[in-house]
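For this one, chain W is given, so just place chain E on it according to the hints.
There are 2 protein chains.
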Amino acid sequence: MTTTASEARQRYREGLVAPTSGAAGGFTQANLVVLPADWAFDMLLFGQRNPKPVPLLDVTDPGATTTALAEGSDLRTDLPRYRVWRDGELVEEPTEVTHLWRDDLVAFLIGCSFSFERALLDAGVPVRNIEQGRNVSMYRTDVDCRPAGRLSGPLVVSMRPVPASLVPLAVQVTARMPQVHGAPVHVGSPESLGIADLSQPDFGEAVEMQPGDVPVFWACGVTPQAALMASRPPFAITHAPGHMFITDVADAFYLEP
Amino acid sequence: MTTTASEARQRYREGLVAPTSGAAGGFTQANLVVLPADWAFDMLLFGQRNPKPVPLLDVTDPGATTTALAEGSDLRTDLPRYRVWRDGELVEEPTEVTHLWRDDLVAFLIGCSFSFERALLDAGVPVRNIEQGRNVSMYRTDVDCRPAGRLSGPLVVSMRPVPASLVPLAVQVTARMPQVHGAPVHVGSPESLGIADLSQPDFGEAVEMQPGDVPVFWACGVTPQAALMASRPPFAITHAPGHMFITDVADAFYLEP
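Chains W and E supply the protein sequences, listed in that same order. Residues 1 to 257 in UniProt numbering are what the first sequence spells out, letter by letter. Residues 1 to 257 in UniProt numbering are what the second sequence spells out, letter by letter.
So that you can see chain W by itself, here it is in the shape it has in the complex (with noise of 0.2 angstroms):
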């Protein structure tokens, strides 16, 4: 029986806490990011100013609990789990937050890697961390965003280790869903990106190279989360890692042609 995503946040709302890696098969998941007001401007800026790795899909008006991309969601119950940071420090991890939503409170929905990983998988591309049963591994590098207002912060990496004669296509591929990061930022060496060791991610789990494997870089969506970190909001949510917001959207309307 495949699950829709109504069914799956429904779900989380009455109390399941599950990481949502293949819930509602096919639908959009998305990385959530919320802010005050006053800081919402920055936000908006910081990711156009950085759609690689802050891919905006919707970003809601003050106070709303709702979003554009699911009918009759919740935006403070429908996640399996969030965190909470104050002064950019991770404080709580609870499964809702609507004791905490205020009036002034704006909701960024990012694009997320979930969405090219199915299509890597339809075009005949391994994804390890998948066939290892592992979270994907994450890197900050020493290249830094564009910053905006009050924001800035390091760019994080995902790495997928990809078959030498797969690479073309796994670029093409990615190339193909901007709204989701898009084609990757870089190629093998890891060291030009300031990854000292690949077997030691900042976020994630490490993922075994598999012979004639190369390490393939792209942008992440943890990359808002390191700059909060960076940056230190007064307050802020965020979807716990793995814990993502699934949206109504088909994966396929993402595709560009």
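One or more hints might be untrue.
Note that identical chains are pooled: a pair holds if it fits in a single copy or bridges any two copies.
Said to hold, decoys possible - Here are the simulated lysine to any residue pairs, SDA-like style, with alpha carbons at most 20 angstroms apart: (1) K52 / E93; (2) K52 / V143; (3) K52 / A252; (4) K52 / F253; (5) K52 / T3; (6) K52 / V171; (7) K52 / A164; (8) K52 / Q132.
Rather than coming from a laboratory, the hints here were simulated on the basis of the structure.
Leaving out everything else, chain E in the frame of chain W:
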């Protein structure tokens, strides 16, 4: 002799007043909207929510006079002609706006269909407005943009007559350039956009259909000007129609794979 973008900007800065169509071929031209910081969040959100008519190529920091799209440029002098708006009314069309610039102004550089007209010609699709030496025909539609804060207004479209057999090619070519309005929003049937008479455009000039031509409609960069007229911010500066900002970015940069 080809003119570079910086040479063209220099001439306008020194006083040349002329439409920019055909100037500095191969370099991306941009629509300009400048608003006080108080309105900048609404405009940025309007662009985020309406990416086809308002594809944001760059947004400046408050008070900045240059853009990352063109090093050494001066947004106050480098367009051949500007429009100044007060409370949604056009009050002046000066050739530079140095005397009007303020520390709280934010500039929005917005993609322009000049980029895709060149791509259409290169692909063998005739561009009737260029053939006829006229400005493209533009129409207010009865389709509303998605509002953002205080900004709302109708979708404005440009129309180009395309030979029926070349309509699919015209769609394919422009779909590859989402940052300069992308694929058409509508093919044929002007009445279903609320356009009663193609020979009476709301902006630009009437362009004659040739036998076998079909009207093809693209989202248009005049849309934000229509929103300014409808939403009446106290102060705004825009480019004058056809008198665009010439960036240092090659048109090919905005071509998706």
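Do the hints match the structure? See the list:
no.	hint	in the structure
1	K52 / E93	neither (27 angstroms within a copy, 37 angstroms between copies)
2	K52 / V143	within (13 angstroms within a copy, 30 angstroms between copies)
3	K52 / A252	both (18 angstroms within a copy, 18 angstroms between copies)
4	K52 / F253	both (18 angstroms within a copy, 15 angstroms between copies)
5	K52 / T3	neither (29 angstroms within a copy, 32 angstroms between copies)
6	K52 / V171	within (14 angstroms within a copy, 25 angstroms between copies)
7	K52 / A164	neither (23 angstroms within a copy, 36 angstroms between copies)
8	K52 / Q132	neither (26 angstroms within a copy, 40 angstroms between copies)
Hints 1, 5, 7 and 8 from the list above are not met by this structure, while the remaining hints are.
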